[in-house]
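Given the coordinates of chain B, assemble chain Z onto it according to the supplied hints.
Protein sequence lines correspond, in order, to chains B and Z.
Quick note: the first sequence, position 321, residue 321 per my numbering, numbers continuous.
Quick note: the second sequence, position 139, residue 139 per my numbering, numbers continuous.
No wet-lab data here; the hints were simulated from the structure.
One or more of the hints may lead you astray.
What the hints assert, rightly or not - Here are some of the chain Z residues that sit facing chain B, going by a computed Cβ distance under 7 angstroms:
hint: 1; residue: Val49
hint: 2; residue: Leu199
hint: 3; residue: Phe454
What the hints assert, rightly or not - Quick list of simulated restraints, FRET-style, between CB atoms:
hint: 4; chain 1: B; residue 1: Glu48; chain 2: Z; residue 2: Phe119; range: 52 to 58 angstroms
hint: 5; chain 1: B; residue 1: Ala26; chain 2: Z; residue 2: Ala96; range: 55 to 61 angstroms
hint: 6; chain 1: Z; residue 1: Glu228; chain 2: B; residue 2: Ala237; range: 37 to 43 angstroms
As the structure is a prediction and not an experimental result, all values here were calculated from the model.
Positions of the beta carbon are idealized from the N, C-alpha and C atoms, including for glycine.
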Amino acid sequence: MDEHARKLVLVLLLAALGPLAVLFGALFVYDPLALYHRPWGREATVHENMRLQAAGVIRHGDFDSVILGTSIVENSSANEAGRILGGRFVNLSLSAGDFFERGLILGYLLERRPVRHVIYSLDWIYLNQRKGYWYYPLPTYDYLYDANPFNDIRAYLNAHFLGCLLRWSGDPACIGRHTDLDRPNAWMNQPEEVARFGGVEAWCRARDNHQIRDVHAKLTEAVDAIRAGAIAVPDAAQTDLAIAYIENNLIRWVREFPDTQFHLVFPPYSRAKFATWHQYRRNDAEAHVAVVRHLVQLSGRLPNLHVFGFEDQDFLDDLARYKDLDHFDPAINTLIARAIGEGQHRITPANVERYIAEATRRARAYPLEELAARLTVCIEPQRGGAP
Amino acid sequence: MLFNSIEFILVFLPLAFLVYFWLNQKRLVMAGKSWLVLASLVFYAWWNVQYLPLILISILVNFAVGSSLARSVAGRSRGPMRPEWLLGAGVAFNLALLGYYKYADFFLGNLGRLVDSRFEPLGIVLPLAISFFTFTQIAYLVDSYRGKAKEYDLLNYALFVTFFPHLIAGPVVHHGEIMPQFAAVRNLARRYRNVLLGLMLFSVGLAKKVLIADTFALWATAGFDGAEQLNFFEAWVTSLSYTFQIYFDFSGYTDMALGAALVFNIRMPINFNSPYRATNIQDFWRRWHITLSRFLRDYLYIPLGGSRRGTGRVYANVLVTFVVGGLWHGATWMFVLWGGLHGVGMVVHRLWQGLGLRMSPLLAWLLTFNFVNLTWVFFRAETLDDAMKVLRGMAGLNDFGALGAGFAAWTGLIDVRAEAGIALLAALGIVLMRGNSNALLSAERPGLARATGFGLLAGVSLLTLMASKYSEFIYFNF
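Chain Z with its partners taken away, still in its complex shape:
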């Protein structure tokens, strides 16, 4: 089930909310948690019930390993295995699961090319959210090993992993960020301030996704997938459209996740902090998909040695971290390339810093934004040829189009009109000038006007979500 679906907004979320707090009100706290787990599993299985056993097995195994680790570290019991081995086995189990379901066909395909042979692909359908629940559980195992997480209750653990707001697309959360909130007595009752802020945040996220991202998606798709060749302006409209599409899509989804969680009195970590305002690539990664960056830093970059083992090793660690980060997004060389480019960007940034060089903030922003925009081309394109098609156009290697004739002429090929140019400028204005949605979470006292405004925004988004196309009748061929 998706947050931006009618069944979620009008049925699932209200039902989950009402039953959970009704059970809590009746002092049936365990039943309340069980209800949330059940609801979350329905939420997950809505997509494909076939993968429900997979997530359940993953939860059971990780709970067994994690609770053993916690007991062992706390000195309460000595298991048959040393804690570090147990942790290794647990992490290996998670990586094996992810490797099989996400990377097996990619590996076989490349192996086949390497040895000049053809291996039949396994044809595995990627289970929904496997990347997220795997990382969440690896973080839990490491936290258990480090003594930061102690969970001896399977129901609590299942709730931590499956809690539907973060299950599908993050944020990647730590046990310590979520479960103490579920345990707090004051969170067992409806808190209308949280409900209000949650709904406001959810409304913003829905509007970002439905009104903005889906609009840019039309133009990005037309340029990337539809056009055979793009002139200069078409190529820039295409790449910028995708740059804004992915931001408003993902940050909108995260806003909805945070909003939905807040309705249940759970505050999840923020995932975006106006990333397109970044003035260098390191700054960008502190603002974009923050919880993933944090995971890669804490569980990959630092264990690799971080910045402690000499300059060359630091750069290598940075590159490895970003390549793995790229590969985490999907099993294709395009994601690897995208990750690698960001890794190189990060190395260059460190070199620049090391040399003590400075740059004006405006130029720094322009450079960073365009670097991110260019690299998104590799992220979005299906193949290198597709990416080069867009990049060639952006570099002006195809014709420039008839800008003088107006927007319509240069956007004709990808079927966009002046609104594409206006929308891009508006989107840039929003990401640079407007306060981001995290500010909502610390809003002092939302008033009547804001509540009405956010309500209307949600209403318009819902209407857009439900809207359909109407085809005029034309007698054609039959």
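For reference, chain B alone in the conformation it holds in the complex:
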């Protein structure tokens, strides 16, 4: 009886674990995100979901420097950065990646391999201190960046990748499209994005685009509030939280890895964007200025920290170079890379107050009402465009 039961125990375990072992084995071989090994029997590719893909690149990619930002630097060329700064760069920027998410990846990267340079965009997310983007819930990928390699298989245990496995698919949705990491998620070649460069007229032609509608909504809100005298008041707590957020998710790595050069770039958003802060969202303007000041002061003490800003430049006023209030044309990505290489537009303890004063002056003088009215004419003609 016990011998019979023993055989049945083996049958049960085999039935439970056998198919799983076969499945895991197949997934290990297929390995679309190169989590376990460089691709076998196919060209190396990069999946567009960088939150998932970055783990594979960090483990098996050939590089020593990284661009780690958001869509703001997705158009930045890693090859160009390498030529300017020296080193083999990859662009691992996360669409809508906040500091917390990037902190996961940055920490994992720095602890796994030596890194010479990190180019990091200081996007405005420190104003709301977001920890995880709702569209990519943290539990769907954060396990790739912990110390446990066994749970990484979870990345493939969903209908999407299991379907890919069943078809042993080479489809870009399964294994990725791009074959290099120069700028794998660049959006500058997408016609619907590029069509919005050219100024307000181009924005008007794309009036049904959600980003343009968002621009219009934000400008209208700002103008209405300014007119009603409902200006947001500075909030010291927000400033403290913003600084703590950057400290916890970025500066701790700067301190811990003194041999890595960190080039932190305040993105040159359109002047209109900064104007909404300085003229309406004074709390955001205050926090932003405090963050600039804080990081620049830190750069005086941390030799591997370099801070760059462009708010004192004229090109921020040229809306033709923006497809919305935030995103700029690729030539500005090149300008940023060159600035880092040549040490231009670097904010230092010596010039920070002058920089802030100039940035503030320009933002406060920007004609927000006029821009809002021009957009209203084409987006909401029934309102007549009258401010």
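Frame of chain B; chain Z shown alone:
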């Protein structure tokens, strides 16, 4: 560590099993028991190592009191204290521990409201399993006092309390149910029939938890926590989803506990016996969380006088027992209300019986099931307002929704589709028609087909447990 975690299933349980029986095979029985205690403490501390000293102190104190009681009752020694005082002190120690860790903030909050003042909450984090190991040890002390338990070996006692299958969520076991089995020589060797039945039971429990309870949890959570208002059908989907979630969750967990214990040749008492088939509330409590009901009956209801001191006193005893039972589940007024409602239900049932009235079995079942379903609303809701939101919807006081338009329309608000309706019907079918998992324990001779079937069930559950979500890329705002 949870039973439904990969680390438990693929690492902890196999390792605990293999090392224990290897040590026994080498005739290192003490080492085997020590290994199980150590493994159980790791299992416990996996959640938060900070509370390990608490359970160790609790074990030491209860062992000291219990063994003194046993010696005293057996006439082997006369301690400095009379046995009944010693028992009282031991029970008071356990209740004080439970009171401090579980009820102190609740008490302070209510005291503050009573005297119109604000007391700073102590901010105590509830130690894992304190309710269970406290009740288990109170039962042990009483059993020692009554001469039913004699334990003079600290290692054995520690094994009794910490044995990981029952440590976290029961069943609430008696010393006499477990320790003689550990002492039996024939249980020191691997017995593959027990291993097989244990794994089958564990597989069923895992499937109940992962495949069924977690599915209903999505809908219950959406309705209770997400929606601001529920129409008639949404409210019923919400409440029924929770009714099935809690059953499949807890009974699944118990199946896993019983299965894991059986692998070690230990048979633990059953805790569920198809409770949703009950045709009255007394019947329900004989089938739901059986070991807790037994504890409350033996150590609260009967000491209060049970049914021996007149009708009025019986009803009062019933009410007190159920209110305490409610409070045991958690330190909120919602649990008290839930317990109180069940107490009232039990009193009404006794009155009905006393009057000699009868009811058709179908109507009796319908009434009992709906009473249980309604009262779960209070158990699950965070606040009375949340409970009333669901109950108002169930009563049709909000709109009825567009049933005629199909399931999708009436479930839109809580993001469920036709599958919620189908799943609820399927779950009802399972709890009413299918044999319950206790039958597995008496299975005569499981065959190849059953072993394969249970194995596949475990495999699918494991896969579901490990599965992740995939988010398509959408360019949004950045």
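Results for each hint:
no.: 1; hint: Val49; verdict: 18 angstroms, violated
no.: 2; hint: Leu199; verdict: 6 angstroms, holds
no.: 3; hint: Phe454; verdict: 6 angstroms, holds
no.: 4; hint: B/Glu48 / Z/Phe119: 52 to 58 angstroms; verdict: 54 angstroms, holds
no.: 5; hint: B/Ala26 / Z/Ala96: 55 to 61 angstroms; verdict: 57 angstroms, holds
no.: 6; hint: Z/Glu228 / B/Ala237: 37 to 43 angstroms; verdict: 29 angstroms, violated
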